[in-house]
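Visitor: Chains as they are written, first to last, in this note's numbering: chain F, 1 to 528; chain L, 1001 to 1353.
These are computed hints drawn from the structure, not numbers from a lab.
No residue lacks a Cβ here, since even glycine has one placed at the ideal position from N, Cα and C.
Among the hints, erroneous ones may be present.
What the hints assert, rightly or not - Reference excerpt, derived from the structure (chain L facing chain F, CB under 10 Å, subset only):
1) Arg-1106
2) Leu-1108
3) Leu-1123
4) Pro-1124
5) Glu-1137
6) Thr-1141
7) Arg-1182
8) Ala-1185
9) Asp-1187
10) Gly-1189
11) Leu-1192
12) Arg-1205
13) Ile-1321
To be verified - No farther apart than 30 Å at their CA atoms in a straight line, the calculated lysine-lysine pairs in the DSS-like style are these:
14) F/Lys-452 <-> F/Lys-370
15) F/Lys-274 <-> F/Lys-196
16) F/Lys-452 <-> F/Lys-436
17) L/Lys-1341 <-> F/Lys-452
18) L/Lys-1152 <-> F/Lys-524
19) L/Lys-1169 <-> F/Lys-317
20) L/Lys-1152 <-> F/Lys-436
21) L/Lys-1277 <-> L/Lys-1169
22) L/Lys-1277 <-> F/Lys-452
23) L/Lys-1334 <-> L/Lys-1262
24) F/Lys-436 <-> L/Lys-1169
25) L/Lys-1346 <-> L/Lys-1262
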Amino acid sequence: MTTHTPGRGETLPPEISKDNSDFASFKEFAGHRGDYYGQTFLRIQQAKLPRFHLNTSALSGGFLWASLRGNWLLFWIGFATDMAAAVNFALVRKYDLAVVQAAADGKDFLVQRYDGWSDAHLQAALILFFSGRLLLGWLADRLYYHHYARWRVNRSLPSGQAIRRLGIGMLAVLFVAPLTIYRASQFAPDQRSCIKLAHTIQDGGQVPLKDRFDCWTISEFPTLVWLQRPPQYTFPRNDDGTRSIVVKEPSSRRPVNLNNWLSEHIDQRIGYMKAFYGWLFDGVTHWIRVLLNAVEAVFVGTPWIVTSLMIIMAAVKLAGSRMGVFTAAVLLYLALFGFWQTAMSTISLTVAATVICVVAGLPLGIWVAKSKVGAAVVTPMLDIMQTIPSFVYLLPAVAFFSVGKPPGILATIIFAMPPMVRLTALGIQHVPASTKEAALAFGASPSQLLLKVELPLALPSIMAGVNQVVMLSLSMVVIAAIIGAGGMGFIVVDALARTQVGRGILAGIGIALIAMMIDRVVQKVNRM
Amino acid sequence: MVIHERQVVGLRGVWKVFGRQPEEALQAIQQDNLQKSDVLERFGAVIAVRDVSFTVERGEIFCVMGLSGSGKSTLVRHINRLIQPTHGQILVNGQDIGALSADELRALRANQIGMVFQNMALLPHRSVRDNIAFALELRNTDPFTRHQLADKLLETVGLQGYGDSMPSKLSGGMQQRVGLARALAADPGILLMDEPFSALDPLIRRSLQDEFLALSRTMNKTTIFITHDLDEAMRMGSRIGIMRDGEMVQIGTPEDIIIHPKDDYVADFVQGLSRLKLVFAHRIMERPETYDQAYGDLAEMDTWPQAHPEADLDSLVSLIIGQQCPIAIRADGKLAGIVTKDALLKGIQGQSS
């Protein structure tokens, strides 16, 4: 405690630092050419390394040097730049040959084009090679010093030079380089010609070895599995209303690849389900339609004077007079540009989808928060629902429920429900454990705990979920116009198809205004 | 049953092991007498409560005292079965609460046991009045009765007129008064107080302690009071149980613990404590005969200050300041002993004569 022991740096002046233990450890680490690396590392430690210091062995040896030294980061940097240079050289050769071919074919414009490309690749090759080596030479000692610093802590890291590591490096090069350079020097066949080639082989025809090799290595991933086409099923309706199954042989006997085989199977499964479980899909469609009709009766079926007055009054009541003015302005825009009916239909779709999302999402969220099974079942589904692009939802909706408003609402529900579930669960999970404990200590039953403590405390989070649902529903309802959900989205889709930009822009502004109006009002309500 | 009439809460050999295989861990602990670190290593389990038995009698304030992590909060949550014991039996009013059904347990919690929490744990979305009446609301009492009762309780805890405030508008001390009122709402016989005053500043803590003592004297509740503050334990407790690493090291009256600490741990604890209010005249007085042999001036005792055997050292000090003579201790008009200045000073210091 009382005697102060000076640290090593304090006792040794920099002149004799060559003898200090760091220098010895540098030499031990570097092995071959220990003095050079010792000096360099000392300079790095003293921050005296010249700005343009280059490691000549790395400069000349490139990635080979790095593999000898066992620094794989430097190896990949050096190898990648050298490889890129080599590929460009191969491209030079490819276009030079193409120039000769085009000249022989008498296609002058191709000669010129290929000549230019060849020159460009030559320049790129030279620049890549020289600048890459310079970069490696410049980085080498600096990164190698970091390597040393890690080695000091963990002695199992590579140090010194080892021929074995050079062997590993060469293996990597052998694996990567030849095919890559070959690919660059050839015009690769496309997938279609490769499939044709496969067909020729299946028919017992002769194919040049080079084409076969090209198709297997430098084209699309080769078709490994050829599968017999499934038979075609149809499900005609009988006179007594039942369905029968009719099997037809596939139209072509030729085997198909995995993609075609599976998609045909899926098509037939969907066809089967639609034929025999149609009542289920029809039932879902029916009840969505019932709900939608009820909502539309309010928004579309009421005269515009009444509806607009009600909406403005609701906005004033819920979000204040300023929002009332804004709402009135939005409605005026919609009315003036003749979007009234379509806008109301869009709002009806949004409201219907929101209602279903909230009614279904709230209990699901409670289940997720309360039960491990619930979380394990629902969370991955939500993840999938949120990762799949919204466009893709339209497909299953159309497949099972055909086109129109109900499938549009279904796709919207799938798109918009996840935040409702997540935020409900989040809100409930974030109720402090001590508060729940207090409620239990006073004899609350599980349902009392949920209704009197957890849900009220989770309410802000739940309302944030509702807000999200509304906004997501609105955006998806617009997209669902593609499958015939109508509304403002239809005007945009229609305008796109007929390239009537002006009409599309006006409708787009209308949609944006509706979104702003709903968002502001819902947010104001949440804050109260 | 008759024997236990005064016994309100009883714990018999209660163990609590937290971990994946509590039963197996417990068996191994009991068979091989494992230590804490062994249990953690072999089973990944933690012993929170280790073979604790005690009883609390009607009207008592039983303090459970221990440092953080000693298992005192876990222990007290066994009494209303917020935590299930791994082993052992818990009796409340002579009833084994381990055998209760979910409904009976809820009834027990609602009617017989009130609880106060360190962090108040009030419901932030309800007014003070609705917070206080929460236990009654859970039992479906009508709003009129609830309001009447809540207002009465607000008066009891000195918060008249705050019924319609939201808890967040109140200070910490006021919130804890609400917490206390809530615990009293269902008029339970037992109060569990989990470090109720620890989060408050010292002055407010003091006044709340005094108020609570006054309240509990009038209301005749049985209280189990958790604290990590020895001073508080000594002030509040009619008996104190000292916990360490899940074990109940010593149970006794404050005086017991301060005069006869069971082991070095407890001794260390009570070392710095002032004895002025905790040690009483009968502990340090000499018998009249012994005194007379040594000094022989017993005849002048009528001129000496007089005190009761239950007088604490503090009051004896006040009596003897400025006097040359000793103090005569009288009980029921008879001379019970003599306290000399030396004996008093030794008593304050903690040496027994």
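Visitor: Hint by hint, note whether the structure agrees.
Guide: Verification of the hints:
The beta carbon of L/Arg-1106 is positioned within 10 Å of a beta carbon in chain F (closest approach about 4 Å), and the interface hint is therefore held. Satisfaction of the interface hint for L/Leu-1108 is found here, the shortest Cβ-Cβ separation to chain F being roughly 8 Å, below the 10 Å cut-off. Nearest Cβ of chain F to the Cβ of L/Leu-1123: about 6 Å, under the 10 Å cut. The hint holds. Proximity of L/Pro-1124 to chain F holds as hinted, the smallest CB-CB distance being about 7 Å (cut-off 10 Å).
Because the closest C-beta pair between L/Glu-1137 and chain F is about 7 Å apart, less than 10 Å, the hint holds. For L/Thr-1141, the interface hint is violated, since its Cβ never comes within 10 Å of a Cβ in chain F; the closest pair sits about 12 Å apart. The beta carbon of L/Arg-1182 is positioned within 10 Å of a beta carbon in chain F (closest approach about 8 Å), and the interface hint is therefore held. Interface hint status for L/Ala-1185: upheld, as the beta-carbon distance to the closest one in chain F is roughly 8 Å, under 10 Å.
Interface restraint check for L/Asp-1187: the shortest CB-CB distance to chain F comes to about 13 Å, outside 10 Å, so the restraint is violated. With 10 Å as the threshold, the beta carbon of L/Gly-1189 stays out of range of chain F, its nearest partner Cβ sitting at about 14 Å, so the hint is violated. Interface restraint check: L/Leu-1192 against chain F, minimum CB-CB distance 8 Å, threshold 10 Å, status holds. Given the 10 Å rule on beta carbons, the hint for L/Arg-1205 is violated: about 20 Å separates it from the nearest Cβ of chain F.
For L/Ile-1321, the suggested interface contact is broken, since its CB lies about 46 Å from the closest CB of chain F, more than 10 Å. A distance of roughly 15 Å separates the Cα atoms of F/Lys-452 and F/Lys-370; the hinted pair therefore holds under the 30 Å criterion. With a C-alpha separation of about 36 Å, the suggested pair F/Lys-274 and F/Lys-196 falls outside the 30 Å cut-off, and the hint is violated. Distance restraint check for F/Lys-452 and F/Lys-436: the Cα-Cα separation of roughly 10 Å lies within the 30 Å cut-off, and the hinted pair is therefore satisfied.
At roughly 63 Å between alpha-carbon atoms, L/Lys-1341 and F/Lys-452 are farther apart than 30 Å, so this suggested pair is violated. A threshold of 30 Å between alpha carbons decides the hint, and for L/Lys-1152 with F/Lys-524 the separation of about 39 Å lies outside it, so the pair is violated. Under the criterion of a C-alpha separation no larger than 30 Å, the hint pairing L/Lys-1169 with F/Lys-317 is consistent with the structure, at around 28 Å. For the given pair, L/Lys-1152 sits about 26 Å from F/Lys-436 by alpha-carbon distance, which is consistent with the 30 Å threshold.
Distance check on the hinted pair: L/Lys-1277 and L/Lys-1169 sit about 38 Å apart at the alpha-carbon level, beyond 30 Å; violated. Proximity of L/Lys-1277 to F/Lys-452 is assessed by CA-CA distance (about 46 Å); at most 30 Å being required, the pair is judged violated. For a cut-off of 30 Å, the pair hint linking L/Lys-1334 to L/Lys-1262 is broken: about 34 Å separates their Cα positions. The straight-line distance between the Cα atoms of F/Lys-436 and L/Lys-1169 is roughly 21 Å, inside the 30 Å bound, and the hint therefore holds.
Restraint check for L/Lys-1346 and L/Lys-1262: satisfied, since their Cα atoms lie roughly 21 Å apart, inside the 30 Å limit.
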